[in-house]
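> Use these hints to put chain Z onto chain X, whose structure you have.
There are 2 protein chains.
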Amino acid sequence: MLHLARDSGATLTRQLTDQLRHLITKGRLAPGQRLPSSRQLAQSLALSRNTVSFAIEQLAAEGYLSLAAGRRPVVAAGLSLDRRKMSPRSSRAGSERMVLSSWARSLQRADWPPVHDGRPRPFQPGLADEREFPHDVWSRCLRRAARNAPLRRDRPINHRPLQEALLGHLVVHRGIKAKADQILIVPTAQSGLTLVADALLERGDHAWIESPGYGGANVALHAAGATVSAIPLDAQGMAIISSRKETPRLIFVTPSHQYPTGRLMPIGRRLELLRFAEATGACIIEDDYDGEFHYEARPVAALQGLATSPRVFYLGTFSKATYADIRFGYLVVPEALIEVFERAQRHTGMLTSITMQDALAEFIASGAYLGHIRRMTRLYKSRRDRMLRALAAEAGDRLATEAPAGGMQLLARCSGPVNDRQLSARLLDAGVASRPLSSMMYHRTNEQGLFLGFAAWNEKEIDQAARILGRILR
Amino acid sequence: MLHLARDSGATLTRQLTDQLRHLITKGRLAPGQRLPSSRQLAQSLALSRNTVSFAIEQLAAEGYLSLAAGRRPVVAAGLSLDRRKMSPRSSRAGSERMVLSSWARSLQRADWPPVHDGRPRPFQPGLADEREFPHDVWSRCLRRAARNAPLRRDRPINHRPLQEALLGHLVVHRGIKAKADQILIVPTAQSGLTLVADALLERGDHAWIESPGYGGANVALHAAGATVSAIPLDAQGMAIISSRKETPRLIFVTPSHQYPTGRLMPIGRRLELLRFAEATGACIIEDDYDGEFHYEARPVAALQGLATSPRVFYLGTFSKATYADIRFGYLVVPEALIEVFERAQRHTGMLTSITMQDALAEFIASGAYLGHIRRMTRLYKSRRDRMLRALAAEAGDRLATEAPAGGMQLLARCSGPVNDRQLSARLLDAGVASRPLSSMMYHRTNEQGLFLGFAAWNEKEIDQAARILGRILR
Chain X
1 MLHLARDSGA TLTRQLTDQL RHLITKGRLA PGQRLPSSRQ LAQSLALSRN
51 TVSFAIEQLA AEGYLSLAAG RRPVVAAGLS LDRRKMSPRS SRAGSERMVL
101 SSWARSLQRA DWPPVHDGRP RPFQPGLADE REFPHDVWSR CLRRAARNAP
151 LRRDRPINHR PLQEALLGHL VVHRGIKAKA DQILIVPTAQ SGLTLVADAL
201 LERGDHAWIE SPGYGGANVA LHAAGATVSA IPLDAQGMAI ISSRKETPRL
251 IFVTPSHQYP TGRLMPIGRR LELLRFAEAT GACIIEDDYD GEFHYEARPV
301 AALQGLATSP RVFYLGTFSK ATYADIRFGY LVVPEALIEV FERAQRHTGM
351 LTSITMQDAL AEFIASGAYL GHIRRMTRLY KSRRDRMLRA LAAEAGDRLA
401 TEAPAGGMQL LARCSGPVND RQLSARLLDA GVASRPLSSM MYHRTNEQGL
451 FLGFAAWNEK EIDQAARILG RILR
Chain Z
1 MLHLARDSGA TLTRQLTDQL RHLITKGRLA PGQRLPSSRQ LAQSLALSRN
51 TVSFAIEQLA AEGYLSLAAG RRPVVAAGLS LDRRKMSPRS SRAGSERMVL
101 SSWARSLQRA DWPPVHDGRP RPFQPGLADE REFPHDVWSR CLRRAARNAP
151 LRRDRPINHR PLQEALLGHL VVHRGIKAKA DQILIVPTAQ SGLTLVADAL
201 LERGDHAWIE SPGYGGANVA LHAAGATVSA IPLDAQGMAI ISSRKETPRL
251 IFVTPSHQYP TGRLMPIGRR LELLRFAEAT GACIIEDDYD GEFHYEARPV
301 AALQGLATSP RVFYLGTFSK ATYADIRFGY LVVPEALIEV FERAQRHTGM
351 LTSITMQDAL AEFIASGAYL GHIRRMTRLY KSRRDRMLRA LAAEAGDRLA
401 TEAPAGGMQL LARCSGPVND RQLSARLLDA GVASRPLSSM MYHRTNEQGL
451 FLGFAAWNEK EIDQAARILG RILR
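Line by line, the protein sequences are chains X and Z. Going by our numbering, the first residue of the first sequence is number 1, and it counts up by one from there. Going by our numbering, the first residue of the second sequence is number 1, and it counts up by one from there.
So here's chain X without its partners, still in its complex pose:
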């Protein structure tokens, strides 16, 4: 029954253990059966006593054999997973498909996040041009951080040098008012959004999003149990209707360049929004998702820095200002909430490597971050203009665009009767990515359009993709 091969790669102990285990699992050694003593086994198998003892002890540790001092090993009971031995009720239950929660099922139904498999395709929104990223500088920062890692033992979850470097940047360039420890470094902006939604919203609370707006906010607010109201935009951004019956607990906005229209929320509407939040006790999530890139003028100060009371959560990401793969978001929380948010961050495991945080701190402190942003701002502006010209030339009669004040993507509205989802699908077949406007609409409207990224593509790629778009629209 047992075949031990001395020329096999496995040790004799291991072979014996595996074969005995197999015999027990298959029921050839039945539960309750008493084995020969290890001395007898050693003799009959021509093995050393130690080899057999090790195998017996291993199987006892795993629970296959019961040992008692001075007695021979006994095969343990209950080692079968045979379905036939289960009750009829069991096998029915066992064959059921796994049931997902309503949360998971709502994610399955949701039109977000859009999944782009394979290589990025021209016009795919949300992408920085990582070909332009100074990977050599970044690689040096990462190398230094990796080398210094063994020296660090005092390790908070949010790395102080990164908090300070980032704060310096945000104070100067975005008008943020905060202390360094108000900044949480999270895996992605989306995980920061999830944290705020979960920490502030009770089931049934009301929350507002812009419509059209960012799908990730819609899903996160729903997932937190909120009743989500879609507030349409007017020329200045989210049209605040203070006469609405239910006041929101949380308002999600993208004031730097509204997502997806690219419009800048002017100071008057910013203050109106803050006054409304003050008056109603609402909190605001300000998503400055690509707030680094402004083309027409210096950017308006962030809502966070304008607010007179701490009710704005400022959300940002490094994946637009550096490159998509960096996977770092940040969340500026009100000072009074630092402790509970760090706790929530630990609880949900939304932590990032200190080595990476350290590398990023140096990347910012060295000036490479701002230098890259400045260079990309010039480049992306020229690409934006190129794309506007190319779209006007190829599809000016079908698409209405306006120059976005900043960011990496623009919205092209369809002027004729078009189904933008079908259009988007046809474009994808032709190798051009887009996001249909209707999938970003959360109130009833017939507006159709395409959300298109210009930042990650060079002039030739932009022209080619615009030609394909023009051909398909005709």
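It should be emphasised that the hints constitute simulated quantities derived from the structure, not laboratory data. A couple of the hints might just be wrong.
To be verified - List of simulated lysine-lysine pairs, DSSO-like, C-alpha gap at most 30 Å:
id : chain 1 : residue 1 : chain 2 : residue 2
1  : X       : K26       : X       : K177
2  : X       : K381      : X       : K460
3  : X       : K26       : Z       : K179
4  : Z       : K177      : X       : K26
5  : Z       : K460      : Z       : K381
6  : Z       : K26       : X       : K179
7  : Z       : K177      : Z       : K381
8  : X       : K177      : Z       : K381
Same frame as chain X, but now just chain Z:
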């Protein structure tokens, strides 16, 4: 009113913009007030017409001024955040403290996660000895990955080479049965746990945890809305009582070495648990949190590989087998659920950098990972033995320990009448970290003890900390 300094660091345009903005914000330029034309302003301030025009356009873009062709700029209305102008109701609401959700409040009350500020202290559980980690090898892997980053454009969220390298390890060493794409790479094991809980549990569903057991599971299951039952342990681990009225949707277990007792769940109980889950349709989260380190025998195959139907979610982390800061967890999901789990992963933003994933893939594929685990297994075993001896010598009359089958920490039960929370606090004052057993008990019991880490401390540190512990217990 305007003071432009030609020797200041700021450009004249910027000075003019900032000062005009300030006058508007303070109400010195009232809403509706018409400014001089840019030509007049340029003359009176002795500035170039361009300088003034840029400033006016910037302020118009920000919304401070309204411009109409051929007319002078007008200060926009509604630019005050003055509290006195708000309605009485408003200021009351505005001065309210921010209200947290019941989720956030439950986290505030929860005794988990324990927060260790500052440097790790001897006996602190959950830590690997990062002084022993081959940081030089890791740094090389990271460097190569950083250098190669610009070459990659096709980028799924879970990096195939890491999935494959990890799968190879898990198949050989843990008996996992899976395909590579069933492995999700998440920021931490805790974030993987959160994903499973949220995707499977409906509000009011029943879930089981071990008692004593892992606090992170308790919090995650509660946060997902489950009614959590604490199942006491017997000598074989979680004591399955199939006569309980409510059957669980989800069962959380740590079979490799039970957390915190360190016991191995023998094969009989493993199969009993799987049969129970099959019979009731329950799913299982198997947390193999430090399953790499086994001291007495080769480890028992993971539940995941033993199951005959796909109902086990296998959870692991790299932070024990490498070092704490790596911040990488992984989750093996049933094949039918890959798509919905990847969607949930994107939705919650539980993503990690591909560069880091790539570095880790090489670290595993090169053999450095397994080599490190082998070396640490020998080292940690000797430290476990050293700690058992030191505790016996210093506090053998007050503490009962049993050698854990693996892992990096052990449970010392108090034999006398002791309040373990107070004891733990006094120890911390003396520079020794621990986790009181009572904080890990979820059913009613008077058992008291200390959960102590031995892996991260050398022999001298272990002896010293044991002496302090002995002194405080006396």
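> For every hint, state whether the structure bears it out.
Status of the hints after comparison with the structure:
1. X:K26 <-> X:K177: Violated, at about 68 Å.
2. X:K381 <-> X:K460: The hint holds at about 16 Å.
3. X:K26 <-> Z:K179: Holds. K26 of chain X to K179 of chain Z sits at ~25 Å (cutoff 30 Å).
4. Z:K177 <-> X:K26: Holds, at about 19 Å.
5. Z:K460 <-> Z:K381: 16 Å, holds
6. Z:K26 <-> X:K179: Distance ~25 Å between K26 of chain Z and K179 of chain X Cα, so the pair holds.
7. Z:K177 <-> Z:K381: 28 Å, holds
8. X:K177 <-> Z:K381: Judged against 30 Å, a Cα distance of about 51 Å means the pair is violated.
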